[in-house]
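Participant: Residue numbers (the numbering used here), protein chains in the order written: chain A, 28 to 401; chain B, 28 to 401.
Be a bit skeptical, because a hint or two may be false.
The list treats identical chains as one, so a pair stands whether inside a single copy or across any two.
[What the hints assert, rightly or not] Keeping only pairs whose Cα atoms sit at most 25 Å apart, straight-line, the calculated SDA-like set for lysine to any residue is: (1) 330 <-> 105; (2) 78 <-> 302; (3) 108 <-> 364; (4) 245 <-> 180; (5) 316 <-> 380; (6) 287 <-> 320; (7) 316 <-> 157; (8) 108 <-> 330; (9) 302 <-> 33; (10) 108 <-> 309; (11) 78 <-> 311; (12) 287 <-> 142; (13) 50 <-> 199; (14) 51 <-> 277.
In case anyone wonders, no lab produced these hints; they're calculated from the structure.
There are 2 protein chains.
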Amino acid sequence: MDFIISRDSLLQALTRVSGFVEKKVQSGSILCSVLLQADASGMLRYTGTDKTLTLFGQVPATVKVPGDIAVDAGYLLNTVKSLGGETVTCTLMDQQRLEVRSGSSNFRLVGQAGGEFPVTPPLDQSRSLRISAEALCRVLDQTLFSVAPDDNRYGLNGAHFEEVTGPDGTSLLRVVATDGNRLSWSQAPFTGELAIGRKSLVPRKGLFEVRRLIDGVKGDVEIAFGERAAVVRLEDCTIHMRLLEADFPDYRQVLPSAFKRRASVERAVLQEALKRVLIFATDTSRSVKFALADDTLTLTSRKLDAGESKEEVPMDLHGEPITMGFNGRFLQEVLGVLGSTRVLLELGDTLSPCLVKDPDSGDALFVVMPVRLD
Amino acid sequence: MDFIISRDSLLQALTRVSGFVEKKVQSGSILCSVLLQADASGMLRYTGTDKTLTLFGQVPATVKVPGDIAVDAGYLLNTVKSLGGETVTCTLMDQQRLEVRSGSSNFRLVGQAGGEFPVTPPLDQSRSLRISAEALCRVLDQTLFSVAPDDNRYGLNGAHFEEVTGPDGTSLLRVVATDGNRLSWSQAPFTGELAIGRKSLVPRKGLFEVRRLIDGVKGDVEIAFGERAAVVRLEDCTIHMRLLEADFPDYRQVLPSAFKRRASVERAVLQEALKRVLIFATDTSRSVKFALADDTLTLTSRKLDAGESKEEVPMDLHGEPITMGFNGRFLQEVLGVLGSTRVLLELGDTLSPCLVKDPDSGDALFVVMPVRLD
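Construct all of the structure, not just a fragment, from the sequences and the given hints.
Facilitator: Structural data, given as structure tokens:
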């Protein structure tokens with residue numbers, strides 16, 4: 028193997044792949060490696076995997092001798108990052124060593140034969156959908172924060188994908204996430220076909236990597252579901268994610284069908300007020316007391332032996348006054364992913380879930396469970 | 028106590044004090060607090076201490092009722108940081124609570140009586156020196172990185188201050204630091220008197236806080252040494268540091284009096300090359316092999332099972348070729364605090380210390396001990 032490649036292109040590829048290789052296992056494991064495959068067509072293909080999540084990518088290179096090798100992804104990234112020149116020359120040496128040269132710098136990285144690298148099974152599905160990268164960014168931003176980080180209720184560790192029909196009959200991709208204390212869904216139109224196999228629960232880690240890779244991407248992204256895996260295809264790379272073998276809860280049951288009170292507040296004002304009351308809401312549930320009466324929402328928090336804080340937010344309330352508690356951080360995260368000037372809070376009784384909405388858009392919905400006030 | 032103060036001034040004061048209060052002890056300890064004293068002269072005085080290091084400062088305020096209270100420095104900093112208004116009103120309530128108001132925000136912080144706050148003894152010294160803040164920044168930058176972080180050789184945990192006479196007869200303040208593997212000294216002219224008491228070994232933490240506070244300060248700084256403490260005075264605050272009760276080693280003994288080889292290299296080129304070879308110099312001593320021959324300095328490093336790297340740096344060498352090892356990180360840190368275009372490396376034999384200098388300035392000197400190559 029022998030190829031010359033632009034330093035910046037190689038650096039971008041290795042930065043992308045760094046989120047996909049295993050970091051917890053001992054250095055030297057093949058799962059810490061990136062597989063490099065230089066082929067005669069003038070492409071360097073790169074692959075990184077932790078066996079559940081795989082990135083396949085390609086970048087143009089001047090390939091003199093085709094070949095492949097797997098080298099530690101972290102060391103190669105640090106090496107390329109440190110180089111000052113515009114191009115990098117990579118040559119396979121004896122004993123599976125990769126020589127990396129640029130200017131007066133010469134590195135030799137210990138590698139493993141490309142054949143040692145784990146093979147990701149191809150997707151058993153040809154049908155796919157297309158969605159704008161920009162819309163997918165919004166949908167993921169509005170849902171991923173609600174996925175449980177590492178729950179023993181296995182079905183909560185991913186986001187659920189499904190197709191719904193919009194009011195005007197268009198096909199929408201809806202992504203739903205919950206950690207048991209809050210729930211979000213967000214949707215956007217797509218073309219093509221969402222052909223779900225046995226499951227449609229996509230793991231959190233994979234979706235975070237998808238979100239990272241589509242940041243700023245123009246144009247469409249392709250998504251396909253197989254029996255055990257889903258793939259997301261961008262112009263120059265493909266993310267392969269093994270699906271979670273668990274059931275997502277029947278989330279429609281959780282959604283309140285009616286409300287007794289509706290409050291409308293300015294989003295930025297509530298967000299700022301929450302930031303301040305959270306300073307003294309330091310218990311595990313970050314409890315903030317919400318008192319809704321007349322035209323004022325009063326937020327209070329208290330930490331014994333430290334202090335307390337109080338904020339007043341102007342509000343339009345329809346319904347009876349009520350006082351109830353919420354995890355202030357959860358509401359803050361919802362407000363952070365809404366783009367609207369005002370938000371609606373739809374409330375039932377003291378222990379009923381709160382629904383948070385953009386008053387002008389039905390593209391997303393957020394449910395936050397209340398906390399008991401002592 | 029009742030005063031109105033600019034939010035930005037109070038925030039700056041609390042940010043400064045945050046480096047001086049104890050963070051390791053449990054919240055609620057008086058050592059986590061900042062003492063606020065509002066007096067009739069229109070000043071808010073603030074004090075933070077961990078009992079070895081104290082900051083006294085003052086900031087203008089509109090004082091309606093003089094008084095004092097000690098409140099948790101971290102909570103107060105977060106509170107003031109979160110406020111959006113231009114001014115903040117602070118009022119002492121019953122039961123040692125401090126009310127902090129701004130706009131529609133209202134905080135009440137639990138405090139302790141000002142009388143509970145530990146008293147720092149005043150300095151038993153009236154003589155002092157004056158040095159430009161800019162020069163003191165350079166002197167501290169060129170020495171602090173060499174202080175041992177937490178050594179059981181207690182005398183290495185601080186920097187030694189002494190007076191030396193420059194070639195033209197001027198009085199210079201010299202600061203010296205070593206961790207046993209490297210040594211730096213740096214000096215600058217001063218006026219007034221350096222009247223050292225019993226000791227002149229200033230703890231690392233205090234000097235880092237001094238460095239932080241004088242960053243960007245124009246004009247002079249005053250320094251005075253007492254029997255057990257030293258103070259550094261700025262325009263609007265004073266740092267009081269308890270001195271280390273230990274002896275600094277006789278550092279002049281370590282300085283090589285002659286050299287057999289002298290190499291001159293471009294500082295930035297060596298710095299870049301070191302950055303790259305350090306990727307594979309991951310043992311505890313960050314060993315890099317330096318081979319000096321003819322007009323090239325060749326740097327190499329190697330990590331078993333990972334890889335190796337080689338860099339060539341153009342060099343002017345006077346003396347015989349030699350190959351020896353150094354901690355690459357130590358040399359990198361020295362190069363980072365030198366401002367010159369070229370640097371001189373003065374070498375003896377394989378296991379003799381290396382002296383690093385700016386060829387055009389005698390204001391600072393760096394010694395790095397070699398490491399054995401396997």
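Participant: Each hint: holds or not?
Facilitator: Comparing the hints with the structure gives:
{"no.": "1", "hint": "330 <-> 105", "verdict": "between (45 Å within a copy, 14 Å between copies)"}
{"no.": "2", "hint": "78 <-> 302", "verdict": "neither (40 Å within a copy, 33 Å between copies)"}
{"no.": "3", "hint": "108 <-> 364", "verdict": "between (33 Å within a copy, 23 Å between copies)"}
{"no.": "4", "hint": "245 <-> 180", "verdict": "neither (36 Å within a copy, 60 Å between copies)"}
{"no.": "5", "hint": "316 <-> 380", "verdict": "within (15 Å within a copy, 65 Å between copies)"}
{"no.": "6", "hint": "287 <-> 320", "verdict": "within (14 Å within a copy, 85 Å between copies)"}
{"no.": "7", "hint": "316 <-> 157", "verdict": "neither (44 Å within a copy, 55 Å between copies)"}
{"no.": "8", "hint": "108 <-> 330", "verdict": "between (46 Å within a copy, 18 Å between copies)"}
{"no.": "9", "hint": "302 <-> 33", "verdict": "between (45 Å within a copy, 21 Å between copies)"}
{"no.": "10", "hint": "108 <-> 309", "verdict": "between (40 Å within a copy, 17 Å between copies)"}
{"no.": "11", "hint": "78 <-> 311", "verdict": "neither (34 Å within a copy, 33 Å between copies)"}
{"no.": "12", "hint": "287 <-> 142", "verdict": "neither (63 Å within a copy, 53 Å between copies)"}
{"no.": "13", "hint": "50 <-> 199", "verdict": "neither (36 Å within a copy, 51 Å between copies)"}
{"no.": "14", "hint": "51 <-> 277", "verdict": "neither (34 Å within a copy, 46 Å between copies)"}
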